[in-house]
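From first to last, the protein sequence lines are chains A and B.
Counting from 1, one number per residue, gives the positions in the first sequence under the working numbering.
Counting from 1001, one number per residue, gives the positions in the second sequence under the working numbering.
Don't take each hint at face value.
No more than 20 Å apart at the CA atoms, straight line, and that leaves these computed lysine to aspartate or glutamate pairs for EDC-like [to be verified]: (1) A:K128 with B:D1243; (2) B:K1095 with A:D68; (3) A:K205 with B:E1165; (4) B:K1241 with A:E274; (5) A:K16 with B:D1243; (6) A:K74 with A:E170; (7) B:K1163 with A:D57; (8) A:K205 with A:E178; (9) A:K16 with A:E28; (10) A:K13 with B:E1165; (11) A:K29 with A:E216; (12) A:K29 with A:E266; (13) B:K1241 with A:E266; (14) A:K13 with B:D1245; (15) A:K38 with B:E1165; (16) A:K74 with B:E1165; (17) B:K1014 with A:D149; (18) A:K29 with A:D88.
Chain B stretches covered by chain A per the calculated footprint, using a threshold of three residues with CB under 8 Å from any CB of chain A [said to hold, decoys possible]: (19) 1170-1178; (20) 1227-1239.
Because the hints were derived from the structure by calculation, they are not lab data.
Note that beta-carbon positions come from the ideal geometry of N, C-alpha and C, so glycine has one too.
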Amino acid sequence: MELVLQTSGLTKKYGKQIAVNNVDLNIEKGDIYGLIGKNGAGKTTIMKIVCGLVYQDQGDIQLFESGDLQKNRKRIGCVIEQPALYPDMTAGENLIYYDKLIGITDYDNVDEVLSLVGLKNTGRKKTKAFSLGMKQRLSIAISLLGNPDFLILDEPINGLDPSGIREIRELLLKLNSENEITILISSHILGELAKIATKYGIINKGVLVDEFQAVELEERCKKCLAIVVDDSERAAYILKNNMGSADFKVFDEGKICIYDCMNIPEQINRELVENGVLVSKICMEGNDTEAYFLKMMGGNQ
Amino acid sequence: MMNVVSSEFYKIFKSRVFYAISIILLAMNCISFAASVSLKVKGKMSGTGFSNYQGSYGADFIFYIIPIFMACLITAEYSNGSIWQMACHGIARWKLVLGQYIAMSFVITIILLGFGILNLLSCTILSELGEVDTAAFIRMNIGVICMFWGTAGIGTFLSYLLKSEGITIIVSVLLVTGSNFMANLLALLTRNDVFTRYSLTNMRKTIIDFTSKPEEVMKCSIVFLLIGIITIMGSSLLFSKRDLD
């Protein structure tokens, strides 16, 4: 699969403070990559480095698996931090300005993009009179000019009402599936991110703590009955043959997670003990995705 | 590059500062015309179209109005965040700076030349066009354009350096008002009049004076042009090397 973005050893310092520390990101074509982290974790800095707004102190970036970074940046659309709009222009005029800047001379795409983000009926209204949600939508519209292959969206659903969030989610999913646009997105609304992302990167204090697929996340957050035994091999045999369990995983240090017999913990306990397996711990485990993300991001540190 | 220039023109014509400065200069044209009419009625009118055109650039307000125009347009990019959007399309940053400079300088040149031409026309209607050496008139206009572009370069550099509209305007005003003082001080300390000769105000006076020596006008024009080139190179360097945070 083609790598749309690959960073290796990306590092950025502001004075003595390390904003981004040795980050290796890998985003494949077709991914919706959710970058998750607390405020000041380094998400925006990574995005700014990729977009060419901030220079890294160390490390390399490769876009679309080819060397000419600046040329490849023409295939990116981005929304970084705040909506970047000209307040005295209308939505259409803002789009025409950016069309001109990137060399598009046919402005037919303006109406098309405006209707895509639900701003077609704003008419002569200047963007200074727009709500934050409308500004966010217009920013996304700007990022879509020139049919980019890769969208970088920093907190794109900030300030949107629930219906607006849903519309943007549907838009992003549509862009990803129909136009094959790869998306790098950060958001504080973790539940919302979990609805669209196919891959996640968790960043904490500038360090990419973990990078995993959405299916892995489901696995990690799956509820289970966790037991800790002195002989996991024998316990697994008993679970399979005596209890009829088919869905369990054996981990190190005698830990077993059972996914299919969660409602009979007392029976499992009795069966194991009667067969000479010592059970030192038995409890329910598993997170909802939001709790899992928070834990990975460093909890309340 | 042409994309940047064309988009900048579009943006300038949609901006408030373009209309504000045009209206201010038009109001000055009207006041000048009204004053000329009053003098004509009293029979005291002595100026010609050319002398009025020359007088249009006879004050230091040029050195204030150009940096204000540049500062309002460039620093607004920082305040509304559009500088990020501009810079993330894979366009070389120096091209963005140069494109902005060309478009803004071109527009302010047209506005200021329009101001002068309106003054020339109004006085010609009330009095006469007058006579002037064609070569001197051409030299003056070339010099005036160099002065506009040089001053625009200063405004561009200060805007990229300071990133704040208010501070840029204050520094520009201080720079112009302080430049004569600095020139006189340096001349006094070094006992060399080159500093006073090439102060902003004196160069402007030399350029607009039809009786100035041609080589002096050319020298002053070249100095303004050099100021423009150096400040644009500086602005490009600043914008290219600094992070856009």
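> Honestly, which of those hints from before does the structure not fit?
Replying inline: The structure conflicts with hints 1, 3, 4, 6, 7, 8, 9, 10, 12, 13, 15, 16, 17, 18, 19, 20, although it agrees with all the remaining ones.
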